[in-house]
Structure formats: C-alpha cells, structure tokens
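The residues making up each chain are set out below.
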Amino acid sequence: MAERMGFFTDTSVCIGCKACEVACKEWNQLPDDGFVFEATSYDNTGMLGASTWRHVAFIEQSRPVQLPSADDGAEDSVDRWLMASDVCKHCTHAACLDVCPTGALFRTEFDTVVVQSDICNGCGYCVPACPYGVIDRREGDGRAWKCTMCYDRQLGGLEPACAKACPTDSIQFGPLDELRERAEERVARLRADGHEEARLYGESPSDGVGGAGAFFLLLDEPEVYGLPPDPVVTTRDLPAMWRWAGAAALSLAGTVALAFLKDGSLRRGGRHHRWGR
Amino acid sequence: MGQVKAGTAVEGRDAEFRSYYGRPVIKPPVWHEPHMPTYLYLGGMSGVSSSIAVMARLTGNPRLARTARLAAAAGASVGAALLAAELGRPERFLNMLRVFKPTSPMSVGSWILAAQSGLSAAAASADLAGLLPAAGGAARLGGRRGAARLRGGLGAALLGGRRSAALLGGGGDTGILGVAEDRGFLGVAGDAALLATALTGPLTATYTAVLIADTAVPAWHEAYRELPFLFAGSAMAAAGAVAMLATPRAQAGPARAVAAVGAVVETAAGTLMERRLGMVGRPYREGRAGRLMGTARMLTAGGGLLAAVAGRSRVLTALSGLALTAGSLCTRFGVLEAGRASAADPAYTIVPQRDRLDAVPGEGLQG
Amino acid sequence: MSGRVRRVSSGRARIGPASRGTAATVARIPHPPGIDPEKAGMTRVVPGSGWLARWPVIRQLKGEDPRGSAARSARTDALRPRTERADKVARSVCPYCAVGCGQLVYVEDGRVTQIEGDPDSPISRGRLCPKGSASKQLVTHPGRQTRVLYRRPYGTEWEPLDLDTAMEMIADRVVRTRRETWEQTCEGRVVRRTMGIAGLGGATLDDEENYLMKKLYTALGAVQIENQARI
Amino acid sequence: MAECHPVGFQWVMEAKARGARVFHVDPRFTRTSALADRYLPIRAGSDIVLLGALINHVLENGLDFREYVLAYTNAATIVSEDFRDTEDLDGLFSGWDPDTATYDPRSWAYASTEEQPPAEHVEGGRRHAEAAGPETYGAGGAAAHPSPQTDPTLTHPRCVYQILRRHFARYTPELVERLCGIPAAAFAELAEAVTANSGRERTTAWVYSVGWTQHTVGAQYIRTASILQLLLGNMGRPGGGIMALRGHASIQGSTDIPTLFNILPGYLAMPHAHRHDNLEHYLEREGGETGFWGNRRSYLVSLLKAWWGEAATEDNDYCFGHLPRLTGDHGHYTTVMGQIDGTVKGYFVIGENPAVGSSGGRAQRLGLANLDWLVVRDLTLVETATFWRDGPELETGEMRTEDIGTEVFFLPAASHVEKEGTFTNTQRLLQWREKALDPPGDCRSDLWFYYHLGKLVRRRLSDDEIDRPPRELTWDYPEHGAHREPSAEAVLREINGVGPDGRALSSSTQLRADGSTTCGCWIYCGVYADEVNQAARRRPRSEQDVVAPEWGWAWPANRRILYNRASADPEGRPWSERKAYVWWDPERGEWTGHDVPDCEIGKPPDYLPPEGARAQDALAGTDPFIMQSDGKGWLYVPSGLADGPLPAHYEPHESPVANILYGQRANPARRTYDRPESPYNRPGPLFPYVLTTYRLTEHHTAGGMSRPLAYLAELQPELFCEMDPRLAARLGLGNGDWATIVTSRTVVEARVLVTGRVRPLRVEGRVIHQIGLPYHWGWGGGGLVTGDVVNDLMPLVLDPNVYIQEGKAMTCDVRPGRRPRGRALLDLLETYRHG
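So the sequences go chain by chain: A, B, C and D.
Using our numbering, the letters of the first sequence correspond one by one to residues 69 to 345.
Using our numbering, the letters of the second sequence correspond one by one to residues 1280 to 1646.
Using our numbering, the letters of the third sequence correspond one by one to residues 17 to 247.
Using our numbering, the letters of the fourth sequence correspond one by one to residues 64 to 898.
Hints listed in this document are in silico derivations from the structure and should not be mistaken for laboratory results.
Don't take every hint at face value.
To be verified - Distance windows between CB atoms, simulated:
1. Asp81/C x Asp261/A: 38 to 48 Å
2. Pro158/C x Glu1370/B: 22 to 32 Å
3. Pro158/C x Pro161/D: 51 to 61 Å
4. Glu175/C x Glu373/D: 37 to 47 Å
Every residue, glycine too, gets a C-beta built ideally from N, C-alpha and C.
Take the sequences, apply the hints, and build the full model.
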C-alpha cells in the first residue's frame, strides 16, 4: 500500500470558477448534466452526481452591513459569498464500498475508493448508502459513478485533474497526513486573522466515517454547504442490524414452528387445527 | 414555492435548520417501483413459505407443504428476476456472486437469495416431479419417513444459534441419507433442499430489512431495530395469506396461524418503530408513504383478525388472504416511499445530526 | 512503501516525462519511474489463472481482500493515464482570455486526447480556468464546422462549396469591389483607398495573422480594418 | 479579476496570503469581491469621482511621493496662461467649439519658452479633434517641449501640481458618497490603505478591465488612475502600475500589430489625408523629436521596407505613398453605418461575431444585410454568418431572408492547437504555440487564408497605378505541408526585422532610417534575435527567478515591467531594498537588476542632454518615461487627448442622475450617431434603472467559444438578470422568473436572479437600482444554449479618444414577464421611443 492520498479543499480561497468541474469532466469524459437554470446563485450544477464529480456550491450571505448611504437595501445586501468545491470524501470507512455487493467499488493502493465501471452492475445500493449523497447511478448508462480521485492519473504519478486546474489552489492534493498538517496551520492562521468561523470538516479520524480522504476548510456550518453536519457510515451499525435481523429471523422461524406445534400437528396428517375451526 | 436561500435558516420539520437551497443532502434510493417493493414482498413471502413448507413437511401436511414449496420457489425466482431487472446492467447479474462481502447486506442477501431460490426451486421441482404418476407413491412414502428423521434436526434448530444451524445441516444430511434407499433420488434431493431452506427462508425474509436499513436514509437506518420485525411480520402475513389462499382450508390451519401472528408482529413492530423514530419517523405518517402505511395497517390488522376466523369459510379465507397480501404489499411500498421521502427532505438528515452535535459539545467538528 | 508511487507532496504534482522536451514523440513508458507495478499491487498473477481462478470469490478464499485487491478487475490492473499514450505533446497557450496560461496538448492517433495546464509556465503554474479546462472540447466538439458553406444572394439555404472555389470567388470579389470603389482622392486630398472593403477581426488571432491581414489590407487600400480590441 | 481572469487571480491570492490588502470596487458583488478584503459597491459610470477623490486626498494631505513626483512627472511644469479648467467653465475646458463639438487643444499647452512657440505641432479645430482621436498619435504621445518651464517648489499657480489641486478640490469623500454611493467611511479606509501602501517601501497596484474602458470617458478613467499612481510613485516599480486585464488571448497583439484602422504596427499612426502629404510631412507632424519616438523615421522606413522591399527606395519615400490615407473616424461603428449606407460592399469577419458581440446589434445586422458579400471565418456557425436565416429581425418582420442580397461565405477556421504562431498576452508577453495537429476538413488558419488570398488577388492585378501597392508587396513566405501552410516563423522573423547583413535584428535600436533595415513591427524587434524564436522559449519557472525572463518574450526588448527606470531613485539607487528592481551600477557603468532596464543601459543617472539633442539623447539620465518627448509621466496632458488635459467626472450618456459637479452633464466630446439605427434613451422616468453588462467565468465574450461547449454551457445555461431584492419585490418578480429589459434600442428577456449582491445605492438622495446582465448569449451560433442578445440593448455612443462604446453604464426599464414576440416587440419599443 502506498501512502494515503487525499484532497484538502480550502474553501476560504475558492473563487467559484468551476475549473474543477470542467477539468474533471474533460479528463473523465463525463456527459453533461443538462442545461437548466437553477436560480440558486451561480450554481446551476446543484449537487454531486453520476456525471458531476466536483460541484461548486455558492452561498450568498448577509450580515449586518453598516452602509449609511445604502440603508434602503442594506439588510438585503450580500457581503459574504461562500464558494466551495465539493467532492467524494473517500471515507476511511466508506459506506458505498462496504455495501457494494460486486466488488466494483474497491479500495486502491492510495487508500481511495473507486468504482470499477467494468464490474458495476448498477444495483444502486451504494447510492443511498453514502451519507454525503455523492455517488449516483447514471440514467441511460445504468452504472454508479463518482470521483476516482483520478486513479488513472495517480497511477501515472499525476495529480487529479481538478487539483491541477484549480487556479487558487483551493483544491490541494497530496499525502493526507501532510494535508492535515497544512490544514491545521491554515485554520490557525485564519482564526488568528479574525475568522473565528473557520473550521475543518472531515479531517478527524474520529468522526463518523473515520475521517475523510477529502476534507474541507469551511467558513460556516457544513449543512450550509449541503454537507451533513455529523455523517456516520451506515455500516457502523451493521452488526447490530444483523443481530436484530437474526433475532427477527429466529422469531419468525420459531413462530412458524410454533404455529405448527401449537396446532398439535406433529402427528401425521394433522387433522385438528386449532386455528382452523 | 419560493426559493430557499442557501445557508439561511429554514423552518424545518421540527426545528429550524440550515440547508443548501433546501436540497437533499443524501441521494434518494434509485430503486424503482414496483420492482423493489414487490421483491421485498416476494422475498418475504418466499422465505416464510419455505419455513411453512419445512414445518408442513415435518408435520406431515403435504398439501400445505406443496403450496408453500411452490410459493417459496415462485417468490424467490420471480423476486430474483425483479432484482435483476432492477439492475442498471442486468446482464451483469452474476457479478453479485463475484465476491462475498459480510459488510454488504446485498452481497450477503445475494448469496442467501441465490441459495433460497435454488433450493426452493429444487424443493418445488422435486415435489412437482413427485406428482408424476411413476414417482408419486415413492415420494409420498419417502416424505413420511423422511419427516420422522428430520425431527431430530429440527429440535436442534429450535435451540437457536449458529451452532444449531450447523447441526441442522448435519441432521438433514443424515436424514436424507437415511431415506435414500426407500425413495427416489429426486425426492430426497428435494427434501434436502427444502430442509436447507429452513435456514435460508427466514434469512430471505428478514435480510431485506438490513438491506434498506444499512443506508444513510434516515427513515430506514434509524429504524434498523424494528424493521426486521416489521418485515418478518409482513412476510409471515404474506406467506400465511398465500398458503391459506392456495391450500384447502382443512390443511391451512398453521398458515392462518402464521398469517395472524405475522399481522400482529407487523402491526406491533410498525407502531413501535414510528413511535421510537420520532421526527425521523414522520415520513411513515405523511404523504404518499403515510397513506400506504396507513392502508397497510388497516389491511394487515383486518386481514389478521379475519385470519383467526378464516378457517370457517372460503369467503373469509379469501378476504383475509387478499387483505393480508395487499397489506404486506402496501407495507413494502410504504417503507420504500418513506425512505425516498426522508432522503428528499434535508431536514431528516440535518436536524438529527445537528441535534447530536449540539447535545455533545466538543464532539464532531472542531470549531 | 513510499517511493513506489510518486509522492505529490506540494499539492502540485510533478508532471511525467511528457511535459518535458519539445513537441516530440514521447516514448511510451509502460510505467512511470518509481512504480513497481507488482509491488504496488497493480497486477496480480493468480496461480493457475484461468477464468475461475480469477473469480474474486476464489481469490478471496485464497486470502485476498475482497474490498481491495481481490475485487480488482483486469481492466483496473491495466489502468494508466491516457496522456501516457500520446504520440505528441504540443506546448500551447490558452485561446480564451489574455492571461496567457500555458497548455499542454496531447495528441494520439491524430486526435487531441487531452489539454491541460503546463506546470512549467511562470504565468499559470499549470492551472487553468473552466474555459481553459474546456479547451479540448473547443477543439473536438461535434458542433464545430469543418466544411465551407455558401449562401448565394437572396438564397434561403446554405450550399456546400469547394474550398478552392471559395477562395477564387472571394479573390474575384475583392479585386472587383476594390476597383469599383477605389478612391484616389477625397475632399481634394490624395487618399488612394477603398471604402468598399472592410474587415473585423477577433482578438484570438495570432500576431503573425494580424500582421499579414494588416499588410494585405493596407496594400489593397482598405482602411476600415478593425478588431475586437476596439470593442 | 476572479470572474474573468481566474488563473491570473492566483497571484492576487498569493499576494493576499503574504499580507496584501485587496479592495474591490464594482457595481456588483462578484466572485472577486468575495475574496477581497473590502468590497466597495459603486454606481456604474462614476469611477472618476472615486479616483479623483483619492487624488484630492493625496494632494490635500501632502501624501504624494514628492521626490518621485518632482523627478519623474510633469508636476512642476508651468501650463499656458490661456488654459481654463472645468472648474472655471462649468465642465468644459478652454478651447471648446460648440459648433463642431470638439476641443481646440492649443490653450492646454505648456507655457511657452522664449525659444519655442507653444505647442508647435498642434493644429486646431475639428480636424485636430478627429486627429487627437484614435487615428493619430497611436500611442506615440504628442509632442511637448523637452524642457519646459518648471517650478520645482510646486507653488506656481499655473504649475501642473497646483492645477491638479484646484481641479480635484471638489472631489471629496462627500461627493463620492453622493455620486458613487460609497460611504465616507469606506472611502476613508480605501484612501488610507492606498496611500499607506505607497512610497519607498511599498507599492500599490490597480487592476482594471473593460469596466473602465467601455465608457464615454474610458480613456480618462485610465488617466485618472495614472495620475494617482504617478503621484504615489507607483509606476515603473515592482508591485505597482496599472494593469489592464485584457479579455482575449491576443487582444494585446491585435493592438501592437493592429488590425485597427488608425495605426500601423508598433503604434505608428496611419497617415491622414489632411495632415500628411508625404513622409517628411508625416514624420514632422507625428509627435516630437525627443524621446524614443524621435526615432520614428527608422521605425516607419523599416516597416515600409518590410512591406515593399526593393520597391521602397529613398527616392519614392520608401513607398509611403502606397499607404492609404485616413480622413476621419473609420472605426468599427462608423463602418457599420457605411454598410447601412451602402458604401461598404464587402466585409471580412474573422473570428469575431459582431451580430452578437458588438453594441447595438440591430445596426450590425442591418449593415450585414446590406452588403454585397460577407466572408465569415470561425470555428462554428456564429450568428454573424447566419443572421440571414435566423436573425431576430426575421422574427419581428423587419427582414425577410428572400430580401437579403448578401452573399455569404463561411470558411471554417483552424483552432489554436492546429496552427502555430504567437499570442501576446495582457502583459505584452509573446508566447509561441506549437502546432499539435493538422486542422480537420476545410479548416485552415487565418494565416493560410490571408496568404493564399493575397496570392490569388495578386494574380488578378493589372499594370494599373492603383495596383502597384499590392503588386509590389513582399509576399513570399515558405510553404509547408499538404495544405501549403505559410510559415508563421518566417512571418515572425519579418516582424522582427532583418539587418543589412541579412540576419535577424536583436533590438529596435539597430533600426535605421536609410532603408538598410526592415522591421514589420519595431516594438517586436528582438523577438527573433540571433535567428532564434525567442517567443518559443519555455525555460521552466522552477529554473529561473520570479521575473522569468526566459519564458516567452515581452516587448519591448523582453522588459517585464515598463518604465522600470522609475524603480530606482534619480541617482539610480533602488528606492528601497524591498522594492529593488533595476539600478545603476557605478562600477560597471551600466544599469542592471532583475529585469531588462527600461533605459539606455549605459546612460548614467547624471546624464544631461546637450542642447538640440534628438530622440533618446534628449532625455536626461533621470527620465524614466522614455517614450514621452520630455521623459516625464504626465499628470497633465498638454496635447493628445480629445476631451481635455485632465479627467473630469461626466455622467454616462444615459444616466438617471444629473451631474452635480458641472453644468456639463456628459462628456461633451463623446461620439454619438444621429441616426435612426442609433436611438438613445431620453432622460426621465421612462428608463429609471442603471444597466451594466459583464462577463461570467463560465463563458467567453459573445459565447462563440463557450456556448457550443457542453461543459461550459451547462454551468451557465441561460441569460439572467441580476437585481436586488427590493427592486424585484417592487416589480413583483421572484427568483427564477422572467423579466423583460427595455432600452430604446431593443427589448430582451432574461431569467431573474434576485440577489443581494446587487445593491441599491443612494445617489444624490435617491435610491438607484442597478441591474446586471451578462452578455454571452445569442440565438444560435451552434450554441447548446441560447438567449437574447444583451449587446442589442446598448447605445452607440463612444469615447472620443479611442472610439470604444459605452457598454458598462446605461439606463433601462425592467418589466415583469417575457418579452413580446414578433411585431408586438416593435410596438412596445415604439412606446418607449416616443411614448
């Protein structure tokens, strides 16, 4: 296993240019997502999906603005425009990978999570399993798709297309440990500069997915960006689920058996049916 | 409806919460109607039918055993076909057996279903073959003898646990070997297969609860305790209904019992689930899912009550069986729809997570 | 294990050999230096590798990780960046805005297979905006016109036209219009020009192209020669 | 900048990370604002007020970099006593002629010295105003006395410094608040930051794009910034300057080697029929004898030799007579009027889409429809090629396909990877592109097209006198490949120039006026030095310093920062260690540093020009602005501008507010067209809102290179109109609804994007709502997405210096709902034009 590679997306320097979205599509030869005006700031992509592996969110925010001359609209005035490029988190404990029945999803030597398009049979199970709503099945194609962190490029020693294109280095690619250190420094710097709201998202190995391979520096609560505030890999509860299901299965078997036993019909032919009168 | 601004607080289901233009955080399940819910129904029905068949075989109720064998086989094979059709790439259905992944309920389920459909088909084929004039007598004879031999194993099975399940297999083998001489190979193999479904049947009926609970869909995941019982109850009701509909009333007593108990279990589990889930359980009570679940509740309760008295008349049997079947189907459609609705509304994802974070300061995000 | 996969530690990967050198043929390198494919877990030779032996469940039973190596397909094992197959890499410049970002244009079998930033550029450091990142689509998109079209006066439809014929026809019209509209004098002063021919150029023209345009137009006496730079 | 030059913006982010403060001034809160430290909303069209107030702040508080100002600018120069300021004449400068609506600039000149009459080369009247416009001077600058009267104490009432003080005295923070809508506190913060960050140790840079140029006072916007930067000592120094962010890959190159009517390559003026009878006459009148423009004879003769080769001799003025003559404005919009009037018969449109991309698209299309023939070369079928079958005038019934007589040739073009050649980027950097592959089908480079067209035309020439210029033209370039592509390198070498020895020249200082050298563009001389394509250099950035001199080639002489002599003090020492860039090395007796010094390398700082010196010899060792005839940065422009020696705030041609500074409302010298194709919005309540237009990151200009691309089109699929929530509420519009935007030119519809990023501003006590429209859409053009043409809304009104249209500030009305179709659209328009 090589070193674990990851993305650190520093949204505090994102300019919302969407180069990541396009560079990703060019490299991975993804289809377009349709041409729909969403009227959600400058975001006409909406969310990550089968054909969108990078998605730039745009959030217009108003804070109290003291503009004496503009008092006739100050309360509506946007003075903060958050932009953030979302991507597959390549979780340490990846639900999509856990639940994939075919092995199409697998963990690479870079500790990333990748779908093998020649294997995926489009069962769709990974889709609702992902706590971030990343992976999706492509209409017409039938298979599930998501960010591969440009696995093929990494195999050639290249960085992923989005990180390479990113004009302001908002998307950084590298060994995860290095990125985490860099991110800590960045947060400290931002806070020192008065940005108390700066925080990391997904970098902690103790979170519900065991830490993300792609983590973020955010300037507001995660849900503002469309991210779940406290995601948990669904398979964390899987042993319990099996126990409950096992209990149910046994109860079922027992109940059925009981239905026959109580019927007193261990005798051959069973003529007297207690429930049958 | 007006545009929801990004990042601004929105009046949510139970609390104010912030979201990204009201967009869902997670993806809704891609599974289609009627494929998936119908499969859930058929799988449950097949699984419990297998149990009924085994018990009927053991207790010497061949008529009921036959019905149940056939129902189990039909349910499993049609269900498997529906699942294949549900795939984005149906021609790659076999990839389901490419690996065995305990972390994937669908992988586990695929192996279970493969076993269940194969075994139940074998059991049913053997039984049907026994109807042929030449094999008939032998099969019937073998059936009786075999039943006696099987009791040992069954007892072990009732003790519960994995070890006894293994014992059951062993017991089965001996049983089959034991009767090998005095009945046709077909019959023996069929019985062996049937016996094996004593294991795969209940699993088939309940693994689907894990299948949907093991997702990020709040209404499913949070319900992982009750869902297996809900599904088990629903499956019992469904299988009992089919069995009593297709079996002469005189032999259908256990089926009616199974159906009635199933209805009780289903109703109880459903009620418990919705109560415990609280806000996340709302999708089960609202909208299309709510209507489906409500209808299911009525049909199941009615069908269950009728099942208790259905032995008295053909009409009652028919009413009860149909109500239970419809109820079970409604439950499956309702659960699917509730999952979809809970995935589509970011409140169900965000509010509980936010509450969790707020309840434990210092946990989760730093900052 | 470090060293087998090239570390990309700065957040900016060092690009492979393709970026160096001029637009010359790039050697086809099966694996980049530093990666031992076997040890990096990229290929797995299963003993007695028939179809069945490669069936992942079998590999799983032999102890491979069903969520990792056992699950890999042959296609996955063979995966490489397609830029490694390029016959040629041209060093180019983005055609959109005037920042002048460096681009590397990868060509394989006479087709552009990728355009991405040139990390050597002191201007762009390998980065591209969405338009620059879409450059390959600019060159290869299906809506691009590759044939001459002709609309005759008062015509209602396009007609096909041979390129050479079109050039001859255009030359005829230039010469004719120039003669017909020639102005030797204007307001009593010598002007030696034609006001009958005008030109408007975009600002994505090469300097050399602008030069020939200006030279030819001026020699023909056309003065209404304008450019996006005015707009 | 983040919106339209995202990759360039990385350096702003880099600077910010290193402590730079970033202010963003824009009518809208854009992606740039989002990353800036401070965002200042401004009413479109009021920038001179803001910049003027900054100048006033500097002057009144004595914050100018006095040593720099004294040594390097014309602050001390005494101006003619005939000069009258806008303060004296209520918005007009002296010399205004109301009959011709032009200025006679004679009174703007420097005070005369005894030996020399004032403004010797300046003519008066209308011709001059035309001439002062784009068709003369190029960028050569007007003549001014090399050593005029000065007052180094800066106290003389007629010295430039005092004139500036008086001129800008009323540009106060209060005025900024009243006219721009920028609160005084925000202004104070900006003023403090700009001045505190200027001086010996620090520099401030300004960055602009067409938000400054597309105004009737566009050139004066840049002038205002220049004055501020000169006063603060921010020109010619690292981290300083005024950066024009240009919007097209080689728009700088298209200006240097112009396909522009008024200039020849290297900013030499096109000859004018009424000013230039012959070469001598031309050289005499086109600027001063001093400074580097004093060598213009060498530049022009070398150009003529490059073009007409052996035919160009001293006896025939080097074929100067072959050059056609101008008689006035022959710019883009005037050409369109010529098309409508039928004087323009044939039109080449090369990689351009005026039917969508130019102002007042309806006039453009009327012009196209009245041509005899039209050649369009592009990658896709742009609207200019297809107007006859699907233009908006067909929908309204104003045109019918069957009635349009224009013969149209569409020739597909080669893309940037299918040909080789140079782009000149926004920093004057020439970068050679290698060819990746051959173009498909009939696609050819424009080089191919013009070369072969030239050959075909020359084959058709007669022995007539009028055919001499094309007949004698040098037109032999090596051809290669199956398509017989001419060699772009050979063309570049011709541009570079060749010496008497037949070798490529390495510097423009080698150019001779005796016909022994050739040079197609003197400022590009050196790009092929040593017979090496210097623009193709690609030494990786990791292997050189931050100046990266071995990546491409920057004109002139591979200098990366112009006028960098000013980065050192008059004695030639860096102003500070921090800001050291080039400096005089007394031991070696030459200039040295990180960049190519922008002065004669061996000229010591203490050099004083002898009496009667010419060209560069007339510049002192302390003069950094070597293209100016006096070597000084001009705070005050004694000649060369059509609309005054100083910037004054004028309202846009169409503005909802009066000009409270002067009785003169708009720029008096602005160019308007009094024609039915060019109607203007009448002032008043009919058009209550301010409209500004702009680009989005996801698209490119009129969309020809972005709308057909799925990956870009999906990101911004529809034309939208940004408006503030208050206006939206007043109009009953919700986010995502349709709105109709009306000017007297046309009516367009757009989806509504309600956003607090657009702020209503309180201007002159009134709340002014601004709306914004990106202009990337058209009805066709091979686009995957379509939309109405925003540029159709714009008025045909131009800056008088450069004839660029006012596209950034105009008035409009907004109506809820979609626009009417067909005839009803014209009816609605009528109500706005006359109702």
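Tell me, in ascending order, the numbers of any earlier hints that this structure violates. none
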